[in-house]
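K.L.:
Let the sequences and hints guide you as you build the complete structure.
Chains as they are written, first to last, in the numbering used here: chain A, 8 to 314; chain B, 2 to 319; chain C, 60 to 386.
No wet-lab data here; the hints were simulated from the structure. Treat the hints with care, as some may be off.
[Stated by the list, open to error] Covered, in the sense of this in silico footprint (three residues per stretch, anywhere, with C-beta under 8 Å from a C-beta of chain A), are these stretches of chain C:
(1) 144-152
(2) 155-166
(3) 174-188
Here a beta-carbon is modelled for each residue, glycine too, at the ideal position from N, C-alpha and C.
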Amino acid sequence: MGRYVLRRLLQMVPVFLGTTFLIYALVWAVPGDPFEGKCGERDCPESYVAAMREKFNLDDPLVVQYGKYLLNLVQGDFGQTSAGLQVGERIAATFPVTLRLALVALLVEAVIGITAGVVSGLRNRGFLDSLVLVSTLFLISIPVFVTGYVVQLVFGLQLGWISPTVSTPTFGNLIVPGFVLASLSMAYVTRLTRAGIAENRRADYVRTALAKGLPTNRVIGVHLLRNSLIPVITFLGTDLGAFLGGAIITEGIFNVPGIGGLVFRSILTKDGAMVTGLVTVLVLVYLLMTLLVDLLYAVLDPRIRYD
Amino acid sequence: MTDAVAAGGLTAVGGPAGGPVGGAGGGDADKPRGLFDDAWRELRGRPLFWVSVALILLVVLMAAVPQLFTSADPTLAQLSRSRQGPSAAAWFGYDNQGYDIYARVIHGARATIVVGLLATVGVVLFGASLGLLAGFYGGWLDAVVSRIADIFVGVPFVLGAIVILTTLNAGGGAGAARIVAQVVLSISVLSWPVSMRIMRSTAIAAKQQDYVKAARSLGAGTGRIITKHLLPNCVAPVLVYSTIALGAFVGAEATLSYLGIGLRPPVVSWGVMISAAKDYIRVAPHALLFPAGFLTATVLAFVMLGDAVREALDPKLR
Amino acid sequence: MTALLEVEDLHVEFRTRDGVAHVLNGVTYHVQAGETLAVLGESGSGKSVTAQAVMGILDTPPAFVTGGSVRFRGEELLTATPQRRREVRAEGIAMIFQDALSALNPVFTVGFQIEEQLRLRRGMSRRDARKRAVELLDLVRIPHAAQRVRDYPHQFSGGMRQRAMIAMSLALDPEVLIADEPTTALDVTVQAQIMDLLAELQRERRMALVLITHDLGVVAEVADRIAVMYAGRIVEHSDALSLFRAPGHPYTEALLRSLPHLESKGTKLETIKGLPPSLLRIPPGCPFHPRCPRAEQVCSLEVPPQVPLGSGRTSACHFALEVVGRG
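P.N.:
Structure representation (structure tokens):
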């Protein structure tokens, strides 16, 4: 196991370098002056531009710039934005909010998705099954931003049940945004669970468990569920990684002060240092999540050995 | 299922040649039935399949000849009728700028469909060909292609698209064709690894099949093996993926346009309309709900079609 | 005396998209304590379905019991409450399956799967159940049972897995053990070991053993009585010795003749012409008549009755007496 983890970590290095370099190049190789509009209406003074070019090593070739950036990164220094903000501090301030939102969303999709999937998987081709299937189709088809606005419109503005924007990101306030963020994945979790249950329901080991005289609840809850949920749990793991990097839209609609909003604003204001710093963190989180998911897979399914 | 029904009774009935039920569709009785014939027979009997096909045809018709559906000018803005609700004159009402929403929804179909279609074609052609080659040849080619795919998968879609599009948009003042091309490009660049991986794994599986080994031992050339043996057997999963992907890309276009970095005026699309309407959601929700409804229905149609095709192609799911 | 397990005129049908398949059409057999009954037949003849109907673990739908009776110690099971049926499973009648790899849950240790019943049904503590599981694995002669109890099914070899399956079925000391093709998935050498083990356990515990198989060799070694199934019916019912000496049904006759013998080396093996009938459309009259060498007109018109052949033997053939007499 240890050797497998080490090998995977080593394999991640080129992927990490490739991804961050890609973003770095895209952000800094933007045609036009990266400091346009940074000094109000007027063009920036020569001295300021020179200082900035010096600070971000813009006069070096791209690869060297990137190398210097990485060198700082390895020492824990995410650098400063052109406005002098510490990138690391901003990330540290916003990341916990996004993490909280992601956890709420994960909980929502796991609880609702698995329940719906089990119920419909056990009643193959009944009314309830069709209802669940059609609902998942709709959830998959409605873009998240539409869901977000409709929820905000109906529950926030018309019914007044929730405040349309999140002022303080407590767990309670994040439930509705969490729902919106989870809506698409909820449908996938439901379908994965349903497929797993439907496939394993007729498995020989289920028949064995019944032949052992175990109560139906135990046969379903222990023998059937444990096998059916293996792909679901790995999906949830990957999804957590995606939530941590992809909540841009949900955070935008509900005004959640998380990492997604920060990314979006930074890109629009061409805040290169902030964008590369954020992307670096997100890619790292994503890669570690995929490794974690693979390890989880081995824990859940003893037939899989990583050696 | 143990031996009981399977072996003796039922499989014999479903079997290909001269089973008791047999008599499939007269004319082609002599020909062996392939995967796609079976799938087609299965599909014909599904109402969901026909619903989604009808929806798709309708949207395609809207995209091709919008004049069939409306004579109103989608680019005529009259502030005097701003935010009026649905009426006989304008079925879906007017938006903040006084545009006729019905006319814009109809005319918006074209950009939406074109982006979805081009992105799917790009992703499938590029990704699937790479996947086929990587899967068939293996070795260093496979390693390099797979690692590059890993890099692109590592970038979250929305994030990557924002970065790419802001970079491409930096020039400013782009025409309609260039705007559409940029969106297609950024979707394709970020999505090709999925079809690559699907094709790669099916190609690896197919390569190890006995009939491919047999063909090779009979002296068939590489080109012939790929085109005659691998390709026909690897198409199904990619076909299913591309149907669903088309729906997903339609949604992706809307998402990017909503963020203000995808399609934008002068191009009319559902995403552009939703993006424009979102700021007035409190006072004119119809301006958002109508394009959102069309968008959802279109994505739904493609996802349903993909679902139906997948179930038809996979005997296990029937 | 009433037998331990009695199956009488059992009817099961599968309602499928292609129509109703009549899988069991009046199966009758019984088994006493300490006795081995072999149920012999080709795949699709309904052997396994009978066993699953007895256990009450048919997949419903598509399978439905449409008639007949299953009695354990004289108690009707088909109309018993689900609760009561569950109690009979594993404690009264236990079952082992053909493919132990798929019949054991892949994600739980072998020990867990044995202990589970002990803890739930006998209220044993975790530690006592573990102790008992090791004893059971010892009993079926799994070496290093104390360590192997912590292994997962895939870490066992095929023969060891089937042993573990047997240990699991014995956990609650059942009176009847139904073994559904217990050796079919195994190597020939291992097959013999497993059969020996089963026979020995059956003798020691005075269990009734219902051995489902298509293998005449297995039957010859261990069976006291044999029920031959064809198309969802018992076509011949006999003690083992008489059946091999003088089969009472043309189907049994044909089965025996299709066995290779040392003397017949060099000659061509006899086969039964044709295929078993589709259960969706079983031929009228005797289901075997299209393949039967001695079929006459009556065979395609009338379902043959169970003809008694003396000393408890029966054969469902219009010409049973002639068949057995010729042998």
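K.L.:
Taking 8 Å as the Cβ threshold, is the statement that the segment 144-152 of chain C is covered by chain A upheld or broken by the three-residue rule?
P.N.:
holds (count 6)
K.L.:
Go check the segment 174-188 of chain C versus chain A for me, would you? Three or more residues, Cβ under 8 Å, otherwise it fails.
P.N.:
Holds, because 4 residues of the segment 174-188 of chain C bring their Cβ atoms closer than 8 Å to Cβ atoms of chain A.
K.L.:
Between the segment 155-166 of chain C and chain A, see if three or more residues pass the 8 Å beta-carbon test, and mark the coverage as holds or violated.
P.N.:
holds (count 8)
Checked against the numbered hints above, the structure breaks none of them.
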